[in-house]
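Protein chains in written order, with the UniProt record's numbering: chain A, 1 to 359; chain B, 1 to 319.
Any given hint could turn out to be false.
[Unchecked claim] DSS-like mimics (lysine-lysine), calculated; alpha carbons at most 30 Å apart, straight line:
hint, chain 1, residue 1, chain 2, residue 2
1, A, Lys-29, B, Lys-146
2, A, Lys-31, B, Lys-112
3, A, Lys-237, B, Lys-17
4, A, Lys-31, B, Lys-198
5, A, Lys-5, A, Lys-180
6, A, Lys-29, A, Lys-237
7, B, Lys-91, A, Lys-29
[Claimed, not checked] Only part of the chain A face toward chain B is listed, based on derived beta-carbon distances under 8 Å:
hint, residue
8, Gln-37
9, Leu-39
10, Pro-85
11, Ala-184
12, Gly-246
13, Cys-257
14, Phe-258
15, Gln-261
16, Pro-332
Just so you know, these hints were derived from the structure itself, not from any lab. We put the beta carbon where it would ideally sit given N, CA and C, even for glycine.
Spelled out, the chains give:
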Amino acid sequence: MKVIKIDKNEWASGLEKLRSAYELIGPVKEKFYHAFQSLESGQQPDMDYINTRVSPKYVIYPQSELILECSLNENDEDYKIYKEPEKEYTPKAILGIRPCDADSFSLVRRNFDTEEYKDPYWLRAYASTTFVGLACDQPCPTCFCSSAGSGPYSDNNLDILLADNGDHYLARVLTEKGKKLASAAGWSQEAGDEADQQIEQKKQEAESAIQSSVKTDKLASQSLLDLYDATNAIWEKEAFSCINCGTCTFVCPTCWCFDVQDEVAGKKGYRIRNWDSCMYPLFTMHASGHNPRGTKVDRLRQRFMHKLKYYVDKYENGIQCTGCGRCVQLCPVNIDIRRICNMLNSYDPESCTCEVTAS
Amino acid sequence: MKSYTDKIKEIAKRLLKEDKVDMVIGYRKGTVPLMHQPFFATSEGEVDSFVWDSNCGLNLANYITDRKERIGIVATGCNSRNIAVHVVEGKIQRDQLYIIGVPCQGMVDRHKLAAMAEGNIASVEEDEDKGTITISGQGFSKSVDKAEVLQENCSICVHRNPVLYDELVADEVTEQTREQADPYARVREIEAMSPDDKWAYFDDLLSDCIRCYACRNACPLCYCPQCFVDESNPQWVGKSVDPTDIRTFHLLRAYHCAGRCTDCGACVRSCPVGINVRDFTKKLEKDCLELYGWEAGLNTEQRPPLDTYKPEDPEDFIK
Chain A
1 MKVIKIDKNE WASGLEKLRS AYELIGPVKE KFYHAFQSLE SGQQPDMDYI NTRVSPKYVI
61 YPQSELILEC SLNENDEDYK IYKEPEKEYT PKAILGIRPC DADSFSLVRR NFDTEEYKDP
121 YWLRAYASTT FVGLACDQPC PTCFCSSAGS GPYSDNNLDI LLADNGDHYL ARVLTEKGKK
181 LASAAGWSQE AGDEADQQIE QKKQEAESAI QSSVKTDKLA SQSLLDLYDA TNAIWEKEAF
241 SCINCGTCTF VCPTCWCFDV QDEVAGKKGY RIRNWDSCMY PLFTMHASGH NPRGTKVDRL
301 RQRFMHKLKY YVDKYENGIQ CTGCGRCVQL CPVNIDIRRI CNMLNSYDPE SCTCEVTAS
Chain B
1 MKSYTDKIKE IAKRLLKEDK VDMVIGYRKG TVPLMHQPFF ATSEGEVDSF VWDSNCGLNL
61 ANYITDRKER IGIVATGCNS RNIAVHVVEG KIQRDQLYII GVPCQGMVDR HKLAAMAEGN
121 IASVEEDEDK GTITISGQGF SKSVDKAEVL QENCSICVHR NPVLYDELVA DEVTEQTREQ
181 ADPYARVREI EAMSPDDKWA YFDDLLSDCI RCYACRNACP LCYCPQCFVD ESNPQWVGKS
241 VDPTDIRTFH LLRAYHCAGR CTDCGACVRS CPVGINVRDF TKKLEKDCLE LYGWEAGLNT
301 EQRPPLDTYK PEDPEDFIK
């Protein structure tokens, strides 16, 4: 695998060269926090950011996305016939995405790209995007990526992985997409023989800086019904503080649920796909008025069972979480997925007890 | 605040032991700094998890709505006022409650502290004697006066002591007068803006909103069985992140709180993106005070001005 060296001034000038072929998206400091945004001409991504509040999933999967539209003008030939809006999927590059966030797209893909169903909107946006990751040298106290199947130097789902090495980046070019971007930017200086070793050493340092973890080894062998039924031992107590807001699901890079709404404006109809949240009372509300998840305990259980048990059983590929820690940091009532994951992992249905950990 | 914590535990244990209540609602230490978790204890052993310090900023009145148990509840000035609102509005019976009153010394602003930190905050220490808060993380440590990092609603609070309680955990604290606190300074600034500037100000205020509804759900006043934003027949508001729909949600929600809001700040504290939604509710609080001489939740008898009628109600605003 080729490692190239990109001096930081070449990084800036290379980005300018990329603009003719790519829409550039990177971390930018907003009012209080960082967010991934489309970079205007001359604007550089802030590569010193720690993490963004909202995950970059919206670059591929916007919170509200127009999927169909129609005319509501009776005189039109195609009156009330829904059609796909014309949309350009110009090449995009996400710069400086963290490995945990990049990894999340491979988890989400298992839902949007299956044998039976292929989500055209997600797949087109995904195919047109090049992922330029930035390895994470300063993990947060809430990061648990290493034990969630990712890691601070994970290159899963990346086209290029950058490691910050002072005045330059060491860049592993991982895919054809990555090669194409690097050559368009004019980044071609081969790093010396020691580069691989330098990256390896930085990787080890970063991994040892991760302070928090989850235990997942027993999740697959736990009985689904036992966990579901652990109302007294787990769900009721853990759900008490939950206010059923959508913060955890909206900031999460791997939550993929959506709802489809029709809206009218003037003489046009729009079909919009919006992020949904299992925390909301309308989620899975039936037309009859019956709601199989009618209480907040049911809804909290759904979120964690989905991520930590249903997903684990269905895809046999670990938990539906990359350990970015956003929900832990931002939950207004301190519901901590690490604590709940460890409880589910250690739950003993005989004694109705589980191990309770602080983090 | 060890003395408060110890006293809360002592009272809670006694209430459970003497079978005066079925549960006691308080806070336990959070798994991340600045964020204690609302928690209920039903046994004396669980009571040992209770904690009290400057990170207990959520409003516990949110957790008693329509409950049937006999409840012991820890309550500051604003929390006790929201309990009073709940009693007036029939969401809980006064005799179901044993209110453990906490003379409040203010909560720290987690958004402000996060913005001051040079990295992620790994720990927070409070020095009661010096009145300082120290935040630290990888490669940094910073001490600040607690007064500088109080939540804005706490720094202008004029009801720190519980208005309704069965027992206090400490002597009452000195209240600020309204003149000292000047609680409506920020509202006046916004009121003085031109319509265009106001529009731009509120546009910018809401620009980061992700419509997670944390502000609504952290609020004890928002207990409608179905919120207007969730109604689908008829549907009042679109569900996308269209700015008009976002504004509609925030403005209508604020109006539902008029004359009921105690400025507890739970909405702002819970917002994941740091929007000061109190800019809306504070204006309505000011109007209620100026028009009706009304402050929410000061007693358990009077209904709020917008659901009562008096012949002498002002009507100058009807044009």
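Hint-by-hint comparison with the structure:
The hinted pair formed by A:Lys-29 and B:Lys-146 meets the criterion: a straight-line CA distance of about 27 Å does not exceed 30 Å. Restraint check for A:Lys-31 and B:Lys-112: the C-alpha separation of about 12 Å stays at or below 30 Å, so the hint holds. Taking the CA atoms of A:Lys-237 and B:Lys-17, the gap is about 21 Å. The hint holds against a cut of 30 Å. Among the hinted pairs, A:Lys-31 with B:Lys-198 is consistent with the structure: their alpha-carbon atoms are about 18 Å apart, no more than 30 Å.
Of the pairs offered as hints, the one joining A:Lys-5 and A:Lys-180 holds, with about 16 Å between alpha carbons and a cut-off of 30 Å not exceeded. About 38 Å separates the Cα atoms of A:Lys-29 and A:Lys-237, which puts this hinted pair outside 30 Å; it is violated. Of the supplied pair hints, the one linking B:Lys-91 and A:Lys-29 is violated, its CA atoms being roughly 43 Å apart against a limit of 30 Å. The criterion of a C-beta within 8 Å of any C-beta in chain B is not met by A:Gln-37, whose closest approach is roughly 12 Å, and the hint is violated.
With a least beta-carbon distance of about 18 Å to chain B, the hint placing A:Leu-39 at the interface is violated under the 8 Å criterion. Interface hint at A:Pro-85: violated, since its Cβ lies 14 Å from the closest Cβ of chain B, which is beyond the 8 Å cut-off. Interface hint status for A:Ala-184: violated, as the beta-carbon distance to the closest one in chain B is roughly 33 Å, over 8 Å. Satisfaction of the interface hint for A:Gly-246 is found here, the shortest Cβ-Cβ separation to chain B being roughly 4 Å, below the 8 Å cut-off.
Evaluation of the A:Cys-257 hint against chain B yields a violated restraint, the C-beta minimum of about 13 Å exceeding 8 Å. Hint on A:Phe-258 is violated. Least Cβ distance to chain B is approximately 11 Å, over the 8 Å limit. Checking A:Gln-261 against chain B by beta carbon gives a least distance of about 5 Å; that is within 8 Å, so the hint holds. For A:Pro-332, the suggested interface contact is upheld, since its CB lies about 3 Å from the closest CB of chain B, less than 8 Å.
Figure legend: structure checked against the earlier numbered hints; hints not met, in rising order: 6, 7, 8, 9, 10, 11, 13, 14.
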